[in-house]
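Chemist: The lines below spell out each chain.
4 protein chains.
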Amino acid sequence: MRDPDITLSAGPTMAYPEVLAAQAKQITYHYDPAFIERFRRTEQKVAELLLTQNDILLMQGEAVLGLEAAARGLVQPGTSVLNLVSGVFGKGMGYWLKDFGAELHELEVAYNDSVDPADVERYLDEHPEIEVLTVVHSETPSGTLHDVAAIGPMAHSRGVLTIVDCVSSVGGIEVRTDDWQIDIAVAAAQKCLGGPPGITLMTVSDAAWERMRSNPSAPRASFLSMLDWKEQWIDGEKFPFTPSVCDMHGIEACVDVVLSEGLEASIARHDLCARACRAGVRAAGLELWPRSEEVTAACVTAIAVPNGLTDVQVRGHCRERYGVMISGGQGAGNLVRIGHMGPAADSLNPVVGVGALGRGLKDLGADVRIGDGMEAALAFASDEGARAMTRRGAHGSR
Amino acid sequence: MRDPDITLSAGPTMAYPEVLAAQAKQITYHYDPAFIERFRRTEQKVAELLLTQNDILLMQGEAVLGLEAAARGLVQPGTSVLNLVSGVFGKGMGYWLKDFGAELHELEVAYNDSVDPADVERYLDEHPEIEVLTVVHSETPSGTLHDVAAIGPMAHSRGVLTIVDCVSSVGGIEVRTDDWQIDIAVAAAQKCLGGPPGITLMTVSDAAWERMRSNPSAPRASFLSMLDWKEQWIDGEKFPFTPSVCDMHGIEACVDVVLSEGLEASIARHDLCARACRAGVRAAGLELWPRSEEVTAACVTAIAVPNGLTDVQVRGHCRERYGVMISGGQGAGNLVRIGHMGPAADSLNPVVGVGALGRGLKDLGADVRIGDGMEAALAFASDEGARAMTRRGAHGSR
Amino acid sequence: MRDPDITLSAGPTMAYPEVLAAQAKQITYHYDPAFIERFRRTEQKVAELLLTQNDILLMQGEAVLGLEAAARGLVQPGTSVLNLVSGVFGKGMGYWLKDFGAELHELEVAYNDSVDPADVERYLDEHPEIEVLTVVHSETPSGTLHDVAAIGPMAHSRGVLTIVDCVSSVGGIEVRTDDWQIDIAVAAAQKCLGGPPGITLMTVSDAAWERMRSNPSAPRASFLSMLDWKEQWIDGEKFPFTPSVCDMHGIEACVDVVLSEGLEASIARHDLCARACRAGVRAAGLELWPRSEEVTAACVTAIAVPNGLTDVQVRGHCRERYGVMISGGQGAGNLVRIGHMGPAADSLNPVVGVGALGRGLKDLGADVRIGDGMEAALAFASDEGARAMTRRGAHGSR
Amino acid sequence: MRDPDITLSAGPTMAYPEVLAAQAKQITYHYDPAFIERFRRTEQKVAELLLTQNDILLMQGEAVLGLEAAARGLVQPGTSVLNLVSGVFGKGMGYWLKDFGAELHELEVAYNDSVDPADVERYLDEHPEIEVLTVVHSETPSGTLHDVAAIGPMAHSRGVLTIVDCVSSVGGIEVRTDDWQIDIAVAAAQKCLGGPPGITLMTVSDAAWERMRSNPSAPRASFLSMLDWKEQWIDGEKFPFTPSVCDMHGIEACVDVVLSEGLEASIARHDLCARACRAGVRAAGLELWPRSEEVTAACVTAIAVPNGLTDVQVRGHCRERYGVMISGGQGAGNLVRIGHMGPAADSLNPVVGVGALGRGLKDLGADVRIGDGMEAALAFASDEGARAMTRRGAHGSR
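Protein chains in written order, with my numbering: chain A, 1 to 398; chain B, 1 to 398; chain C, 1 to 398; chain D, 1 to 398.
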């Protein structure tokens, strides 16, 4: 099976060349002083990326590890938790919370919409027993976004701890950990950072550590334990177990790429690629999945699959015929997604995505204005004001 | 901080060049058909490496994840488990087992020795309530080996399920999963396979799956769940969560390297490097840590640190002055370890290890015959019969 | 300065990933037995690629080295040479021939045309004093092709030695050295082979060697000497000087890629990408540079620059605004070229080329139907019969 | 054929990891603005390395190209040239000079010695007709050095132009182009710079350009022409032909490595490795090839092969049995050479070289004190004053 020509998926997405080069570096012993230095240095860079003074915890597994660890760490049987649900990741967090014994409260909307912060505020006011709030910032399967800038402070001011899944937002959509008063932010590199999966990037507030320490259900002596890392590594000099040395090379490299481009420039680039992609999709006569532009996330564009076709079929056809890998709906609905994250959020990639999807749908019998779609996406890139669509200064100066 | 010139640690060790090249390959979406094909293909190759018809489970975290998952999967409160202890990893398994509610039985020996299989047999006969046996094949911190070829069948014939930690043996020391009747073997790539850490390579017997399925304490819907992988991926087509795409590239590459060299050739090479290293250490006037040559493992050579010095001090000095990274005792005692695993188990590397350690100890005041040590290790490499000490045919033909 | 997002130039073009991986391999001593073996093995593969039993000579510099060396080797003052001129490379060969003292005969056509083989035959019949014929197979700056299949045998049957510049054709356009009776074919890797510049791939017939040996003007003891290589390396065991070890890694890798895809499949893929590109260009309302489709080469599509604009301006704009690197006319006229060679001759790349050029021209004031152009190019890729447009089986199976 | 475990040859030697990573970067079109910028930037860095204000010319072929081009550029029939001969490269220059029509004067010494600057001065005074002086700084095949610091000014003050071959000295042995008043310095990357072969690094003074311009025999419109590069590229914006893009990536990377370590630190490191190697060789009871320590070069250690053995035999045995690639005498005598250049000039590599050679010779019947040799070399590395033997700060901070 040949590799794809281009990956415009919902992540893992393509990695920056600098990341691939870093992952080819010789592996070192984890107690090698150069590796220890790299680990500490990477933590500092991640803090810079997540705009926080809180502890940085780099858990050694895909972001699902960090999400589970965070929920287990803060929840014990009987804890009242408010979980916001606008898609499959939000829904999944609810299942976990119940498993862990939480008193589960949920605010749920259709999977093409987002929970209104005003509803959250009202709910918190009406339920002062809520101790923890969980929210997915960017619901990747639906291509929608929650307004965490509003929700975070609401929770904090009421003494409610927050766990925010910002896996697919960090680097491409604004995430301000401290300004937004997030207790535990859970991020990852395989989306807008253009890095490898396999590591969770987390921030943890003192309040979260405190709750965890006093929680008898919080994992200890376990791969799932945040406390092990806090006690042995963050406050000590010992790794709880062997870290993923190779992925750590990739993590540092991708954070370097984003910080060297500039976090704001990276976010602006993702935003413009998203706008180009949405404009192209609509000009092609296709329908966006999210209810309105206001709730769209800038990392992926979700498109409703025309009647009579399925997401898996469309995705497979684009991959086979055109070598372009896009994503299906992953349970959120009959939709496909064009990702524009990391190096995929650059220049003509949204045009390629619109073209491959449009042509693929037409091959399968749908009515699509392919040329119009591509031309509309491309027009975005040509706009003087849209120069941020291409990454600048990232390679050549080194 | 400069990188080391050479890593002769107890692992992670240096990766083969083929592995580093593979890790530089572009990252793909995990549902890309090329990645799915790669994942399935890699499972088959791992089965070939572990000599088994059992299911292969590639858990997406360092081997500690697999060990914890296996123990949690087979144990529930009240399960009687016999744990063999000859070092810190065996000891650690006991702590876990108690945490998980097991009735813990232990056969423990000094950390420079191995448990005698005859003692195991006697114990199993005297304790028919034992349901599970846990054993570390190669106790890396001590440089010692358990005779799993003998112990596996003893357990199996008594209906006792086995969890064998063969993290640092596979690829360098014989591991015959099916012949030895191991239920769950837990291996990893960052030792004798010369691959990346970050993935656990596991084999699971039908009996183990059956026990796990009927175990209400076995993790489900969790990063720690083997059953999730069994149901969703091994017997299905869905990943429980995003796998570590980049590390998977490295895993396939390192298994390819070993299979293309030939598993037996790889094992013979590790054995000869180990003998060269031990000969060099003794000729230098230093003392091996293991009680006798019979209990030594071929992956690392453990050497007692002379009086008045500490392992951390010696390790740090060799790294700083000579750029050679060796390992300390990791809690097993005042010892240092020269690793000879993967590409470190090749040609003159044991000579370099003996030289750096010998010279480092002399710098610190010990009495060492450095030249004699290096010459003795080198003599091994020159022996006609010792040709297997260098890896053949691995690169150039591609 | 940032690197381009995509290179669709006339070459050097992007290299295959396998090539880049090979170029990252450790450099060896040139007399290392593994390198010597690699060099000999690569020669055999190049012979397979060029369909010849003649000697393969890998000169250690860009193809211009091989062209100059060949001309100097066969020509001495007074030699009558017929040089076919349809563009800047053909013209340049004439200047050299005069410098080297040849009696120069030329058949020249406009730089958007090719010399008719019938004219060649007539000329050779009328000028029996011609000893050598020189022809550029694919005139890259013009995007045109000579019919060497016809011309080669005409020359051979009259005892005329041929030097054929097939730098930009090999791997993407049929080149049959022995069937076409070519005496010296001069090829390179940085075009349709998707490899590095820096090495000339040559084939040399016995008749060519014989003439060279008896030519007192043929370079000897020089970087320009083919005879040095013949005597010391091809018929001996000594390199005349240090070969370019790193580029040789890349050369073997790119030839491997093409042979593993299949030479015919590679050629079919280039042909289809060229047809897609030309269809797109015309649908966009732009004009091809070559006089007719019959004379176009499959490696690059040359497009006339609309009035009032210049090739350098258009090229610069596409690069700056869209990150797409195309080529200008390099002296052949006011034209730009979209390359589709090696990995650039794949899947949607011609669509990207048409889009970037079309949009760029529109930005600069030209009248272009961008969407129509892209849609037309894309239609080609979607055609069932056009499946050869994407490279198959090249990556994943390794 | 397996690749070597370690290359301690006389060059090409192993490349720094940074170089290998750079060579894996995607190839760009040569007129891509990022490549043009890289080319100009690299020239500036090479000027910094060669301590010169003169023009930098990066000829696109192995250093032999630059040497031939320089000699052809300055010499015409009848030019009186003084050529210093202390080995095969000096001797070879003489053959060329005669070929090019020079009136050849030579000062020749045995191939284990160097020409005394006092003899040069006397000769120049006695032969005022001398217009050009050619000298090899480091005669790699013999492991000897000429005192160019003394010779350069002698020539300059008498109006004699100098061509200095510093291929194996630059980066490992002091070369001060402007202070030493060198007109044309010819360097390369595959020796002490730890880079790729395939590019000549040259400096050219105004006086040299002037002579070349007025020399009707100087190559023009040729791969051998320095003037083409001067007129089209250095003073223009056009490449005479396609440069070796991939090797240029490696060149910039290796120069970056050396400049970031610090040129003086790099030279000190090479010097100490050379002293360690020579000490080891003597302690092993072997004999250095150079007449005395004063004439040794720091890039390679040349060792006389004991009676009854040949250099090719010893080299082959070390490579086959121990995977260590050293070099033979290349026509300079029955000697072998351990290279310590670039990454081979680091830490324990000289110890490995002494060990492999010593053990290899012993295998073949010679009387060698292997342990003493290795211990003596190692003692050097352990010396407090010898800390410069390892490269510092080169990797980890990036």
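Be a bit skeptical, because a hint or two may be false.
Just so you know, same-sequence chains aren't split out, so a pair can sit in one copy or run between any two.
Claimed, not checked - In silico BS3-like links for lysine-lysine, alpha-carbon gap of 30 Å or less: (1) 238 - 45; (2) 362 - 45; (3) 362 - 238; (4) 98 - 362; (5) 91 - 238; (6) 230 - 45; (7) 238 - 98; (8) 98 - 45; (9) 91 - 362; (10) 362 - 230.
Just so you know, the hints here were simulated from the structure itself, not pulled from any lab data.
Bear in mind the structure is a predicted one, so any value in this text is a computation, not a measurement.
Chemist: Taking 30 Å as the upper bound on the Cα-Cα distance, should residue 238 and residue 45 be classified as within, between, both, or neither?
Modeler: Classified as within: same-chain Cα gap 20 Å, cross-chain 34 Å, threshold 30 Å.
Chemist: As a check of your reading, is residue 362 near residue 45 (CA-CA no more than 30 Å) within one copy, between copies, both or neither?
Modeler: Answer is neither; intra-copy 45 Å and inter-copy 40 Å both fail.
Chemist: Reference check for the pair residue 230 and residue 45, CA-CA at most 30 Å: within, between, both, or neither?
Modeler: within (18 Å within a copy, 37 Å between copies)
Chemist: Please sort residue 91 with residue 238 into within, between, both or neither, judging by C-alpha distance up to 30 Å.
Modeler: Between copies, since 18 Å is at most 30 Å while 36 Å is not.
Chemist: Please work out whether the CA atoms of residue 362 and residue 238 approach to 30 Å or closer within one copy, between two copies, in both situations, or in neither?
Modeler: Cα proximity of residue 362 and residue 238: across copies only (28 Å, versus 57 Å in one copy).
Chemist: Given a CA cutoff of 30 Å, do residue 98 and residue 45 count as a within-copy pair, a between-copy pair, both, or neither?
Modeler: neither (35 Å within a copy, 39 Å between copies)
Chemist: From the Cα coordinates, with 30 Å as the cut-off, is the pair residue 238 and residue 98 best called within, between, both, or neither?
Modeler: Only across copies: residue 238 and residue 98 sit 23 Å apart there, 34 Å inside one copy, limit 30 Å.
Chemist: Given a CA cutoff of 30 Å, do residue 362 and residue 230 count as a within-copy pair, a between-copy pair, both, or neither?
Modeler: neither (54 Å within a copy, 38 Å between copies)
Chemist: Given identical chains, is residue 91 near residue 362, meaning Cα to Cα at most 30 Å, within a copy, between copies, both, or neither?
Modeler: Neither. Shortest intra-copy (34 Å) and inter-copy (48 Å) distances fail the 30 Å Cα cut-off.
Chemist: With identical chains, the pair residue 98 and residue 362 could be close in the same copy or across copies; at 30 Å between alpha carbons, which is it: within, between, both, or neither?
Modeler: neither (44 Å within a copy, 58 Å between copies)
Hints 2, 4, 8, 9 and 10 from the list above are not met by this structure, while the remaining hints are.
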